[in-house]
Amino acid sequence: MDFLLLTHQLSMLAGGSIDGDKRPLDISEWLGVTFVGLGVVMLALVLLIIVITIFGKLFEALDGYEQKKKAKEAAEKAPRPSAVKAAPPAPAPKAAPAPAAVQEDEGEIIAAITAAIAMMGEADGTVYQIRSVKPAGGVSAGRSAWAMDGRRQNVAPF
Amino acid sequence: MEILQSILGGLWETSGLYGLTQDWHCLIMIGISFLFMYFAIVRGWEPLLLLPISFGMFLANLPVVNLEDAIFHASFWNEPQTVDWFWKVLHDGGLLDKLYLGVKLQIYPCLIFLGIGTMTDFGPLIANPKSFLLGAAAQGGIFFTFLIAASVLHMSAAECGSIAIIGGADGPTSIYVSSKLLDGANSNLNTGTIALAAYTYMALVPIIQPPLMRLFTTKKERAIKMAQLRTPSKTEKIIFPIVVTLIVALMVPSAASLVGMLMFGNLLKESGACDRLVDTAQNALMNIVTIFLGISVGATTTWSNVGNWDFIKVLALGAAAFSLGTISGLLLAKLMNWLSGGKLNPLIGSAGVSAVPMAARQSQKVGAETDPTNFLLMHAMGPNVAGVIGSAVAAGVLLSVIAY
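The listed protein sequences derive, respectively, from chains U and G. Heads up: the first sequence runs through residues 1 to 158, numbered per this note's numbering. Heads up: the second sequence runs through residues 1 to 404, numbered per this note's numbering.
Chain G on its own, in the form it takes in the complex (with noise of 0.2 angstroms):
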């Protein structure tokens, strides 16, 4: 009988019941995985991304008491990342937790960009140089960010950079700068809070962006038609990555594997010579490395991390930094227009925050609400485009001013 009360002892306390009763928050998380899985089935608001992130969030907030079984340890992330630290990860993580390697070695970021490169048509930014301005502009809503957190909450330089970047409105980049600069020793931030913040505000942008479209523009500069874009060559199409990625790697070297990555993508597609390469990166790779990323930061999100004021603040903030990067775009293109007499509609300039293509089709949007015959998707993915490599070489600059 007393072997059979023991054995039934040992089931209990090692079960997740019994983990439950030890600490309940995981159910409060459990419930947020929820409704996570909610907005991405039913909503359908990003679900490729936000059912593996709230799946991962599932599966590191369920209740474990012997730490050999969980599937996510946050503790270890914790710690300051030394080589034998690597080696701990890898002989007594978890599942997820070798997965989040990948996330901590910003291997996934530069893979997603190689993705993207394939998938974007840098043809509107070539046949309109100009564009750059409004994707460096829009970069307005990382710095002015990082002054807000600096001077107002106080915050260290790891910490400022990292919530920053999520004005950026790029999920890769903010995951390549945060992993970085957030060491687990230096912040109670984690790289996973940050992507979290950056994704949900991305696929917010349709409800944050055009209040402040309406409120900084006019209805007669809304109503502005753009003159029609010229059509680059194939051999201007195949220059620009190889330009680009030569320039951005002089001036900010720590920006080269996020461009280098994005610009390779593109040359890949542009020069036509290796559409199997191009098939795999945009399809297989690009699918693959959105489950592996999604559901590792999705493990992140653990009580500990999130159930804190730091991350009130990492939300507000991230807020902040998409409101003033589409601010900083809009006031920079009505600058622009002003200057050019009256031929670049501001609403161009929202777009260059770099969420592709979500912030140019509120421009869009935006634009036919005022004049149905108004066509601004063209000349919106000029400044959106510019955006990816704005918020790409604010990263580096970023990068190489706070030591990691």
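Chain U with its partners taken away, still in its complex shape (with noise of 0.2 angstroms):
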């Protein structure tokens, strides 16, 4: 039933079927307009969603192929270079314990900012002291200060 009054609304309402002139609209041609109306522009995002869905789908399918197809590429080429160019590799192992070295240095890190807010202390007169570093968690947790200071930085203009 209610099929069957949709299709009637739809048939009256296609191709300008209410006029514009200057007399109030009766129950059927409102309720047609709004429901009708909402229901055609839902439909046609909802199709919008589908195809978008399905091109970023493929293309998502095909970045993969790709990078596949390049890492493949990469594999088989690597052996030749390497008898020419051995050294290349040669950083990986040295990046690996990096984040060591930085908990070593923590204690010049912090030198180096105390020294920093000491300088920018004798620029205005003012003498800083640092009583406490914290390890950042809570609200920032997962993302460095200096990116969230970043992010606020560029969306405050909004």
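Check the hints yourself; a few may be wrong.
What follows is a set of in silico ranges between Cβ atoms, one per label pair, in the way DEER data are often shown [stated by the list, open to error]:
{"id": "1", "chain 1": "U", "residue 1": "Asp149", "chain 2": "G", "residue 2": "Thr235", "range": "33 to 39 angstroms"}
{"id": "2", "chain 1": "U", "residue 1": "Glu73", "chain 2": "G", "residue 2": "Asp371", "range": "44 to 50 angstroms"}
{"id": "3", "chain 1": "U", "residue 1": "Ala115", "chain 2": "G", "residue 2": "Pro206", "range": "43 to 49 angstroms"}
{"id": "4", "chain 1": "U", "residue 1": "Gly64", "chain 2": "G", "residue 2": "Ala403", "range": "50 to 56 angstroms"}
{"id": "5", "chain 1": "U", "residue 1": "Tyr65", "chain 2": "G", "residue 2": "Ile288", "range": "42 to 48 angstroms"}
{"id": "6", "chain 1": "G", "residue 1": "Leu335", "chain 2": "U", "residue 2": "Ala115", "range": "54 to 60 angstroms"}
Derived from the structure by calculation, the hints contain no laboratory data. Just so we're clear, the structure is a prediction, and the values are computed from it rather than from any experiment. Glycine is no exception: its CB is placed at the ideal position from the N, C-alpha and C atoms.
Work from the hints to combine the two standalone chains into their complex.
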């Protein structure tokens, strides 16, 4: 019954069937425009969701395929240049112990920051003292303070 | 002596001061135009539009006795618009009458959409296509306002459609629909008053939306952090405008001019091959059209058009349309949040009304009020730009249903 009513409304509304003259609309007209109108807008945009999602998946798959292909090609090529260029893989093992190095240098970093703050203090005549340095947690967990500040600055104009 | 008297008398009778003694209502409109100028210059409310609109209002309301001297003839636009009528406007019209033809012939709204297209990044929408649903839901403001205008206020189809489209929160779309539906003979309303209401409410988005957003969402919902969006490839961004134009034009051909120009602008931008055209469309062309549109729309707000109950009705229904659009978007976003298991912040639903980027800005602002580390701006841009497409489709639906 509902479907029949909707079909009737659609056929009634097709091709500018409501005149724009100065007369009040009857109930079937305004109900028809409201619900069929909203339905058509939803339908058009749902269709767009489907098409755009399919395109998105397609491109993701294509990207994945291309990356695989590149990795495969690189793997195939790898043995040959390795004879000539033995050095490039060397930096990789160096990068691994980096976090440990940062931890070791923590005191140095704090000293550098303290020196920077002391310089700032010299400029405006105030003496600063650093009482504690705590690891970031809570609200900014998972994101560095610099990254948070960068985002805040980017969003601020909006 | 008599000659001198007759010359002076003639001068007096053709002066604006004499016109003022005949009809003083124009003083009210000039006062309102000063108020709008104050809002634009001192308060900085949408000055790029409000200042041309207010000065157009000022020019059109200056008192004249001889109609030939008028810069704008409100009476012309209340006549049935036949082919002869267009000749009459070109022959007898003032400067602003001729500029207003660009509104009446729907040239300016489409050119503005071209400029908007070159400035819009559909990336967030491509990355999260479900945003289209929120852009569609917010168009509920248009259709529910149509229902109120028709059922409670017993307005005609052309009036209901022209007022309801204000809920799309999109100035060019409102002008496009109302200039097609209202032909001067079928209503006391005109495109100028619809445009004025639409742009006023767009400027008031920061006042209208946040209370509704807080009312319809819980603190817990407002604090939801959404997963980061993927970055779409260049190819996807190039294909997007073509696909959208194709689908919208196939489903609702009457929306093709608006959506087509929007997507053409976007294709120019995303192609990366037409930098000169993009530069012209988003700067020089956009600015020129904004000046013409603003000053000529402002000119239509003469006392005869604005000083009546119909304009009050437009303002009241316009506010209802904006609020209903915001609420519809929020409610669907709440439903989507529930269905997704709490992964979608409902605040981005209100951005489905297409006031870009003001509505997305409100989602960001209200979200950050609850949790300053929550960044909703990019998530809200998806529904926001979907709202532009949604309101253009809704405009197409209204135009295909109501004969004009």
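Review point. Can the suggested window of 43 to 49 angstroms be confirmed for the beta-carbon pair Ala115(U) and Pro206(G)?
Key: This hint holds: roughly 44 angstroms between Cβ atoms.
Check your understanding: How does the Cβ-Cβ distance of Gly64(U) and Ala403(G) compare with 50 to 56 angstroms: does it lie in that range?
Key -> Holds, at about 51 angstroms.
Point to revise | Beta-carbon spacing of Glu73(U) to Asp371(G) - inside the hinted bounds 44 to 50 angstroms or not | key: holds, 46 angstroms
Review point. Does the Cβ-Cβ separation between Tyr65(U) and Ile288(G) fall within 42 to 48 angstroms?
Key: Given range 42 to 48 angstroms: holds, Cβ gap about 47 angstroms.
Check your understanding: Cβ-Cβ distance between Leu335(G) and Ala115(U): within 54 to 60 angstroms?
Key -> holds, 56 angstroms
Check your understanding: Can the suggested window of 33 to 39 angstroms be confirmed for the beta-carbon pair Asp149(U) and Thr235(G)?
Key -> About 34 angstroms separates the Cβ atoms of Asp149(U) and Thr235(G), which means 33 to 39 angstroms holds.
Hint violations for this structure: none, all hints satisfied.
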